[in-house]
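Novice: Residue strings, one per chain:
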Amino acid sequence: MNKFAKQLLPFCSLIFIFSLWTFLVPNEFLTVTNLTNVFSRSSVNLIMAAGMTFVIITAGIDLSVGTMMGMCGMTGALAMLRFSGAGTDQISGGGSIELTTAAMTGGVLVSVLTGAFVGGINGALITRLKLAPFIVTLGAMSIFRGSSLLMNNGKPFAVSDFTLLDTGRVAGVPVSVILLVLVLAVTGFVLKYTRFGRYTYAIGSNVDTAFHAGVNVNRVLVSIYALTGALVGLAAMITTSRASSAQPTAGLALELDIIAAVIIGGCSPGGGRGSMVGTIIGTLLIGFLRNGLTLCGISTNWQLVAIGLIIILAVTADQIATRRAA
Amino acid sequence: MSDVAYALSMEHISKSFGPVQALKDVTFSARRGTVHALCGENGAGKSTLMKVLSGVYKEDAGRILVDGVVQEFAAPGQAIEAGISMLYQELDLAEDMTVYENVFLGREIMSSIPFKTDVQAMIDRTRALCVHYNFAIDPEALIRDLTLGQCQIVELLKALMRSATIIVMDEPTSSLSEGEAENLFKVVRALRQRGLTIIYISHRMEEVMALSDDLSILRDGEVVHSDRTSQMSVDDVVRHMVGRELKDFYPARNVALGAVCFEADGLASDEGIHDVSFTVHKGEVVGMAGLVGAGRTETARAIFGVQPLTQGSIRFKGETLRIKRPEQAIGRGIALLTEDRKRTGICTNLPCSWNMTLPNYERLGMKRLLNLSRERSLCEALGKRVRVKWSEPDAPASSLSGGNQQKVLIARWLMADTEFIIFDEPTRGIDVGAKKEIYTIINELAAAGKAQLLISSELPELFGVCDRILVMRRGTLVGDFITKETTPEQVMHIAAVEA
Chain L
1 MNKFAKQLLP FCSLIFIFSL WTFLVPNEFL TVTNLTNVFS RSSVNLIMAA
51 GMTFVIITAG IDLSVGTMMG MCGMTGALAM LRFSGAGTDQ ISGGGSIELT
101 TAAMTGGVLV SVLTGAFVGG INGALITRLK LAPFIVTLGA MSIFRGSSLL
151 MNNGKPFAVS DFTLLDTGRV AGVPVSVILL VLVLAVTGFV LKYTRFGRYT
201 YAIGSNVDTA FHAGVNVNRV LVSIYALTGA LVGLAAMITT SRASSAQPTA
251 GLALELDIIA AVIIGGCSPG GGRGSMVGTI IGTLLIGFLR NGLTLCGIST
301 NWQLVAIGLI IILAVTADQI ATRRAA
Chain Z
1 MSDVAYALSM EHISKSFGPV QALKDVTFSA RRGTVHALCG ENGAGKSTLM
51 KVLSGVYKED AGRILVDGVV QEFAAPGQAI EAGISMLYQE LDLAEDMTVY
101 ENVFLGREIM SSIPFKTDVQ AMIDRTRALC VHYNFAIDPE ALIRDLTLGQ
151 CQIVELLKAL MRSATIIVMD EPTSSLSEGE AENLFKVVRA LRQRGLTIIY
201 ISHRMEEVMA LSDDLSILRD GEVVHSDRTS QMSVDDVVRH MVGRELKDFY
251 PARNVALGAV CFEADGLASD EGIHDVSFTV HKGEVVGMAG LVGAGRTETA
301 RAIFGVQPLT QGSIRFKGET LRIKRPEQAI GRGIALLTED RKRTGICTNL
351 PCSWNMTLPN YERLGMKRLL NLSRERSLCE ALGKRVRVKW SEPDAPASSL
401 SGGNQQKVLI ARWLMADTEF IIFDEPTRGI DVGAKKEIYT IINELAAAGK
451 AQLLISSELP ELFGVCDRIL VMRRGTLVGD FITKETTPEQ VMHIAAVEA
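For the protein sequence lines, the chains are L and Z, in the order given.
Residue numbering for the first sequence follows this note's numbering, beginning at 1 and increasing consecutively.
Residue numbering for the second sequence follows this note's numbering, beginning at 1 and increasing consecutively.
When the alpha-carbon atoms are kept at most 30 Å apart in a straight line, the in silico DSSO-like pairs for lysine-lysine are as follows:
{"id": "1", "chain 1": "Z", "residue 1": "K384", "chain 2": "Z", "residue 2": "K342"}
{"id": "2", "chain 1": "Z", "residue 1": "K58", "chain 2": "Z", "residue 2": "K342"}
{"id": "3", "chain 1": "L", "residue 1": "K192", "chain 2": "Z", "residue 2": "K342"}
{"id": "4", "chain 1": "L", "residue 1": "K130", "chain 2": "Z", "residue 2": "K324"}
{"id": "5", "chain 1": "L", "residue 1": "K192", "chain 2": "Z", "residue 2": "K384"}
{"id": "6", "chain 1": "L", "residue 1": "K192", "chain 2": "Z", "residue 2": "K367"}
{"id": "7", "chain 1": "Z", "residue 1": "K436", "chain 2": "Z", "residue 2": "K384"}
{"id": "8", "chain 1": "Z", "residue 1": "K436", "chain 2": "Z", "residue 2": "K389"}
{"id": "9", "chain 1": "Z", "residue 1": "K384", "chain 2": "Z", "residue 2": "K435"}
{"id": "10", "chain 1": "Z", "residue 1": "K51", "chain 2": "Z", "residue 2": "K186"}
{"id": "11", "chain 1": "L", "residue 1": "K130", "chain 2": "Z", "residue 2": "K342"}
{"id": "12", "chain 1": "L", "residue 1": "K192", "chain 2": "Z", "residue 2": "K389"}
{"id": "13", "chain 1": "Z", "residue 1": "K324", "chain 2": "Z", "residue 2": "K342"}
{"id": "14", "chain 1": "L", "residue 1": "K130", "chain 2": "L", "residue 2": "K192"}
{"id": "15", "chain 1": "Z", "residue 1": "K484", "chain 2": "Z", "residue 2": "K435"}
{"id": "16", "chain 1": "L", "residue 1": "K130", "chain 2": "Z", "residue 2": "K367"}
{"id": "17", "chain 1": "Z", "residue 1": "K484", "chain 2": "Z", "residue 2": "K317"}
{"id": "18", "chain 1": "Z", "residue 1": "K389", "chain 2": "Z", "residue 2": "K342"}
Incomplete in silico selection of chain Z near chain L, CB under 10 Å:
{"id": "19", "residue": "V306"}
{"id": "20", "residue": "G345"}
{"id": "21", "residue": "E362"}
Hint data in this document are derived by calculation from the structure and do not stem from the laboratory.
Where a beta carbon is used, it is the ideal one built from N, C-alpha and C, also for glycine.
All chains should be built: construct the whole structure from the sequences, respecting the hints.
Specialist: See below:
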């Protein structure tokens, strides 16, 4: 009953927001273009939120995902340019460079691996040195932003040939949508139907118990932070493809939206609770909220205030529900 | 000072928790300027009595007199007002503050300048108190830099600064080194000499005999004996503490022992155990007795790979094992039902079924993918076997009572089907019916040829269930008895008295 109610609240909120905008700005909101736009913008967030769901279920947090996205995008784009044989002057000059398919594929791989690697380092620092995830990823957040700005002196890398993850389609379906569905299906399945998923919940619920029950806590946690990093790397490539360039400032304050989406979706910051369905609802909720506010002519500054309030509301609701249950 | 001889009288105190009567008509009086020892097994009612005295619990019947005046304690603050201070095992000091700051915390002496404390006055008052009682402690030292024994003295200073006249010490030496304990005894004697009344709770017989003037023994919520300490021997005290008939509460078992299953040889770890050697046969239930802090749980942790061994070896089914993590112990066939259910046993907010299967996926052939329907039917079957009361296997563990949570954890290890199981205080804090069911399960496991180690602080339980009883004291094994050839008195004696 309680479990059901937990899913119900975010879902009803989503319906409510949807109805609200339909009522307030029907001509702008309820158009195919607009709705497609919301879904496609949410797809980047969703891919990252899928990883964050694991992290938050283990009672951890990853503040570095936003800046990590910037860094992965820069690294991946640089790899594409290098693999296509561009010289240092050409790259820093920012001129148009023709990219080969192999180079673009390689760049995507580099981006994903970079994310997995730095995510893994986050996880290793958290487990081996027993540091708080908050501290480690706060530090990493700054390091990643600095690194991506250093890569080309604060300038972007132009990769205009890299359109696969923007307009590319297979059988009429955008490639980015296929990737999104794959990511959600796999992560959702892992969380619910595998031993790894159970270990994730157990660590978040009571890490000492998990250890005493034979869970290799360190290995699971490192895997989770690395998985999150890999998904950030993938999301970075979609963003890069859409912008035709990798921006060193990409993902600015994105961690706020991601963490908010996961928590609004019912993950408890205390750990041990949450689901992929909840995360999907939470991400769409934020996507629609931002979209509707923009359509109503409310500035992004006010949108930040609104999202902040909603996070606090969601956590309060969670606390009340937990206290009732106890 | 009044002319009443008793600093404290607790008369005809009774206290029940639901159907359990924790205290039955307890009368307890402490003469002024004496050390009065309070002895009894775990669960005898000592803590409950002291909680009534400190105002944490309200007595159902009876009255409390301090210096001959009837007092009503509805809250802990009122007991402190009346001059009663408690010195608990866990200290409550601000680590990064100095001794005098802690002593005056919340009751600072203010100077003539607004909002400014009079530091010098507080230091002087603290120093004067130290001199008066002959405590060797620097008022300006940081708590962080003090030893545990010195921290206890700071707690005493706090009590004395609030003009305490009666001080209750609950197992004050349980975590002290021998030198520090000696020092504490001097402190206790100094307090007595200056007219304070000390109520001294301890399991350590030699301490109690050497330190106390009077001695009261609680058993099953009643005072069974109270007298001058000089009129009693250690044997008398132990006899009164234990003196309980072993009823047919413990189901009979008749299992022939098999080959040696588990062998510990000279185990030592950084948690203070050393030279721990014992064997457990198939089908055997070996008990482990000892006082709190004797190293029993630490031994279990060393075997299970929670705290690595620094010395010694483990042979299991004829093979020498190197275990570094619980994961490896479980993989080899060793299980540990931990002592602290909430902290290391259960994931409270997760379903019971998940709690049961957590260490067992590999064994159940779910190394990667789960089989939810099979998991459910397995959990249902095991739940039936240990008779856990739940609405369904997927109900969160938090919806169950403590006893039922414990059954879920026992079911977890039954599912693991390991050859060797360590139970650390498996019946602590659970009701009598559930206890008996756990004993039945232990018997079934013995009949199935499993080797079992049962750590318990309840001697009747050890005598009712075990084939053999090991005794630990100060980190090492000091006794190994066939249950039939020993008595609770002998075991208690060797656990509590220095050789």
